[in-house]
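The listed protein sequences derive, respectively, from chains A and B.
Residues 1 to 345 in our numbering are what the first sequence spells out, letter by letter.
Residues 1 to 345 in our numbering are what the second sequence spells out, letter by letter.
Think of the hints as simulated: they come from the structure by calculation, not from any bench.
It is possible that some hints are incorrect.
Intra- or inter-copy, both count: the list cannot distinguish identical chains.
[As the list claims (entries may be wrong)] No farther apart than 27 Å at their CA atoms in a straight line, the calculated lysine-lysine pairs in the DSSO-like style are these:
#1 K30 <-> K150
#2 K70 <-> K19
#3 K150 <-> K19
#4 K70 <-> K30
Protein chains: 2
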Amino acid sequence: MPQTPLRSAARYGTRPTMKDVAARAGVGLKTVSRVVNGEPGVTAETEQRVQEAIDALGFRRNDSARVLRKGRTASIGLVLEDLADPFYGPLSRSVEEVARAHGALLINGSSAEDPEREQELVLALCARRVDGLVVIPAGDDHRYLEPELKAGVATVFVDRPAGHIDADVVLSDNFGGARGGVAHLIAHGHRRIGFIGDMPRIHTAAERLRGYRAAMEDAGIPVADSWMSLGVTGPERVRRAAEDMLTGPDPVTAIFAGNNRVTVTVIRVLAEQARRVALVGFDDIELADLLQPGVTVVAQDAADIGRTAAERLFRQLDGTPVPPERIELPTRLITRGSGEIPPAD
Amino acid sequence: MPQTPLRSAARYGTRPTMKDVAARAGVGLKTVSRVVNGEPGVTAETEQRVQEAIDALGFRRNDSARVLRKGRTASIGLVLEDLADPFYGPLSRSVEEVARAHGALLINGSSAEDPEREQELVLALCARRVDGLVVIPAGDDHRYLEPELKAGVATVFVDRPAGHIDADVVLSDNFGGARGGVAHLIAHGHRRIGFIGDMPRIHTAAERLRGYRAAMEDAGIPVADSWMSLGVTGPERVRRAAEDMLTGPDPVTAIFAGNNRVTVTVIRVLAEQARRVALVGFDDIELADLLQPGVTVVAQDAADIGRTAAERLFRQLDGTPVPPERIELPTRLITRGSGEIPPAD
DNA sequence: TAGAGCCTGGACAACGTTGTCAGGCTCGGG
DNA sequence: CCCGAGCCTGACAACGTTGTCCAGGCTCTA
Numbered sequence: 001m002p003q004t005p006l007r008s009a010a011r012y013g014t015r016p017t018m019k020d021v022a023a024r025a026g027v028g029l030k031t032v033s034r035v036v037n038g039e040p041g042v043t044a045e046t047e048q049r050v051q052e053a054i055d056a057l058g059f060r061r062n063d064s065a066r067v068l069r070k071g072r073t074a075s076i077g078l079v080l081e082d083l084a085d086p087f088y089g090p091l092s093r094s095v096e097e098v099a100r101a102h103g104a105l106l107i108n109g110s111s112a113e114d115p116e117r118e119q120e121l122v123l124a125l126c127a128r129r130v131d132g133l134v135v136i137p138a139g140d141d142h143r144y145l146e147p148e149l150k151a152g153v154a155t156v157f158v159d160r161p162a163g164h165i166d167a168d169v170v171l172s173d174n175f176g177g178a179r180g181g182v183a184h185l186i187a188h189g190h191r192r193i194g195f196i197g198d199m200p201r202i203h204t205a206a207e208r209l210r211g212y213r214a215a216m217e218d219a220g221i222p223v224a225d226s227w228m229s230l231g232v233t234g235p236e237r238v239r240r241a242a243e244d245m246l247t248g249p250d251p252v253t254a255i256f257a258g259n260n261r262v263t264v265t266v267i268r269v270l271a272e273q274a275r276r277v278a279l280v281g282f283d284d285i286e287l288a289d290l291l292q293p294g295v296t297v298v299a300q301d302a303a304d305i306g307r308t309a310a311e312r313l314f315r316q317l318d319g320t321p322v323p324p325e326r327i328e329l330p331t332r333l334i335t336r337g338s339g340e341i342p343p344a345d
Numbered sequence: 001m002p003q004t005p006l007r008s009a010a011r012y013g014t015r016p017t018m019k020d021v022a023a024r025a026g027v028g029l030k031t032v033s034r035v036v037n038g039e040p041g042v043t044a045e046t047e048q049r050v051q052e053a054i055d056a057l058g059f060r061r062n063d064s065a066r067v068l069r070k071g072r073t074a075s076i077g078l079v080l081e082d083l084a085d086p087f088y089g090p091l092s093r094s095v096e097e098v099a100r101a102h103g104a105l106l107i108n109g110s111s112a113e114d115p116e117r118e119q120e121l122v123l124a125l126c127a128r129r130v131d132g133l134v135v136i137p138a139g140d141d142h143r144y145l146e147p148e149l150k151a152g153v154a155t156v157f158v159d160r161p162a163g164h165i166d167a168d169v170v171l172s173d174n175f176g177g178a179r180g181g182v183a184h185l186i187a188h189g190h191r192r193i194g195f196i197g198d199m200p201r202i203h204t205a206a207e208r209l210r211g212y213r214a215a216m217e218d219a220g221i222p223v224a225d226s227w228m229s230l231g232v233t234g235p236e237r238v239r240r241a242a243e244d245m246l247t248g249p250d251p252v253t254a255i256f257a258g259n260n261r262v263t264v265t266v267i268r269v270l271a272e273q274a275r276r277v278a279l280v281g282f283d284d285i286e287l288a289d290l291l292q293p294g295v296t297v298v299a300q301d302a303a304d305i306g307r308t309a310a311e312r313l314f315r316q317l318d319g320t321p322v323p324p325e326r327i328e329l330p331t332r333l334i335t336r337g338s339g340e341i342p343p344a345d
């Protein structure tokens, strides 16, 4: 079959360049560049000729080359734990909106709570020369970021503070929120209150545990070891932990759940119980108001956190460097029923 | 204050290049490149010297330059509707996992269901020379992608077919799923069944409506106009639509909800009703099993859809070009109670 | 010991774009 | 009629990396 000879520009896998456009329009390379970037100094007639050539060839500026030349990529990176988690979806979205308002693209990656993967991702983003980074830390040592910070990569840590490095941090008041949630249970008459949370090596988990302890201490209630379950993760283990607390020698009358995944599992367990047990969860969950009873939670505003972090990032990028700051956002107790159940003693 | 003169490499905002590394290690530029890329042909001793220089300077390869030279970016783009929607989080995550397995980075963007924004995003991704694109279409005309396809950008459309362009598509069996869901209601004795869905210009919405009509027709039930509410979006309008169907002259005994957002609102409305009304929703929702009654849904597997699309994408990228294909994934009816409520007539 | 062949390292061009700068054109005023 | 000013336009280098190609030094063998 006779193969029609194709212009280089149209060959499969090859893209037209400004040079091709220039040749077709019969102008110089730089003139094309001017048209593409809307720079002044081009006659309307010339501009139209160039535009026609662009459309005809399907030219699209190569941003890699542009970045190489200009130094800025107009993109930022977001490294979070898991995009499938309902907490991070809205967070990512709000970061994206801020980025978009600043004309930047967002690249996000999931660390899956693995410090090594976090580092791998962050460095990959740095290799692409993102202008800035929003990181939800999985690991606790971020010294590997020092050269990047020095090179001017704006960085904001979110949800948990960075390890061994001085940078902006935006987090929720995990301590205060947990303390308030547990105090709420105490105010409704509970004394034997269980706590189920993630590994204390995770900052948020540690802070929430600290809040639990503080609230108990404020009320002068000694905490039994059997009431605390730390580092459980995965539905099965949470389930067993909850059941143990409810049926042990010194059974709890209320449970404080350390994060949304724990809350969901505890709801399932409680639904199977004959006895009515109070529950307050950290993090809001969808449809919490439609359950019987409604689930009382300590809510963080993921979108607000993301927006705050992103705005802080662009402030670093736009203006003069500002000293690192730690921003703590308040949480909100939302009462819906489950936290107001009196002790069944 | 006397300013210590800094090496160019360490100055704020400037990054060391291979040239800097080469100078410091006392080797040639290309030798550094070889070490960085793990190419053979470098003595262990030389390699170590280079590695030390890399660490000392905090060198990070500039991928923009690399891309410019090599032509491939090892990144793919995903354009979806809204990352904050619980359907897209897992989808994005599964695409990311496949990308990661192929050594590629994922860039995603939200179109917010706006065709113009979709195009803007897609073209921005193309300007960055992503190797491939996964697009959940917002618009219905994708001819603007023709030059990109011709240039070899692998493309897979998801959830809805592309407009006026020949490309891979991965979608759920919206028609069959809706038909099955409605047939399920009919099998439980319902005849007056309402349908609330999105604008029919959205392919999924149109298909689900078609499924509803087909199921009704299969059963020989004529459909009253007042039973169908199309193009409603936003909780308030869905609420009103549901209430109208329930209190109109020919009130429905069951509702089929066209997507997860509609389902959630309908659940709220039904919770307020004295009469028990059956409900089947398209798309699964979290905690659906814990509600009273549990919510019967036609579920699509977002992660499976994402994985399928991404694998298809990389097949295009890895091997020889394969002709465009349309892949339809089955849905699954999950009975939990709400769909098995008999008509209250 | 000399020649062949291998292994290591470096010089150079090219990728596609943008900033700099200079040249040519037109137009108005002297 | 000539000159300067101002406006368009294009030639050229540079961004940081990788592929190609060649030079020099080494080892091994005859």
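Evaluation of the provided hints:
1. K30 <-> K150: Between copies only: 26 Å across chains, 34 Å inside a chain, cut-off 27 Å.
2. K70 <-> K19: both (19 Å within a copy, 19 Å between copies)
3. K150 <-> K19: Between copies only: 19 Å across chains, 37 Å inside a chain, cut-off 27 Å.
4. K70 <-> K30: Classified as both: same-chain Cα gap 15 Å, cross-chain 24 Å, threshold 27 Å.
The structure meets every hint from the earlier list without exception.
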